[in-house]
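Participant: Please work from the sequences and hints to get the whole structure.
Under the working numbering, the first residue of the sequence shown carries the number 8, and numbering increases by one thereafter.
Hints listed in this document are in silico derivations from the structure and should not be mistaken for laboratory results.
Every clue listed holds true.
Label pairs and their calculated CB-CB ranges:
(1) Gly104 to Leu68: 18 to 24 Å
(2) Phe106 to Pro80: 20 to 26 Å
(3) Val85 to Val49: 29 to 35 Å
(4) Val103 to Phe33: 14 to 20 Å
(5) Trp84 to Phe40: 22 to 28 Å
(6) Phe40 to Ala120: 20 to 26 Å
(7) Pro93 to Glu55: 35 to 41 Å
(8) Gly90 to Leu52: 35 to 41 Å
Heads up, the beta-carbon is just placed ideally off N, CA and C, and yes, glycines get one too.
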Amino acid sequence: MGSPETLSETGPDGGAASRTVLLVVFATILIDFIGFSVLIPVLPLFAERLGASPFQIALILTVYALAQLFFLPAWGWVSDRVGRRPVILVSLLGTVGSFVVLAFADSIGMIYAARVLAGFFAASIGTAQAV
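Facilitator: Below, the structure written as structure tokens:
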């Protein structure tokens with residue numbers, strides 16, 4: 008009887024799995040969740056300063072999830088064609104871009120745009136889970 012295989016030694020398909028790849032995937036998901044979760048408590052206060060109503064604040068929080076719902080399947084299709092790594096990189100760069108737009112938002116419309124962009128580029132989690 009041989010020794011049991013571990014994920015760090017071999018992958019599910021019998022090929023060598025890189026511990027570095029797994030760490031990068033973990034870091035990608037962690038960064039994405041931290042960026043999302045840190046923003047949620049602050050975003051309503053930021054929007055309220057710009058004159059957003061409670062309904063608009065709820066809508067600002069909702070448009071991210073709606074954009075993610077509609078575009079995540081398309082990102083899955085793209086990652087099947089071009090590979091996981093390019094999709095994860097584009098997703099992370101787009102997420103950073105959406106945070107930059109949000110940081111310089113001076114109107115409620117810019118906040119909506121930043122949140123829709125963040126939802127559009129929220130492909131890294133689903134794509135990283137497919138690795």
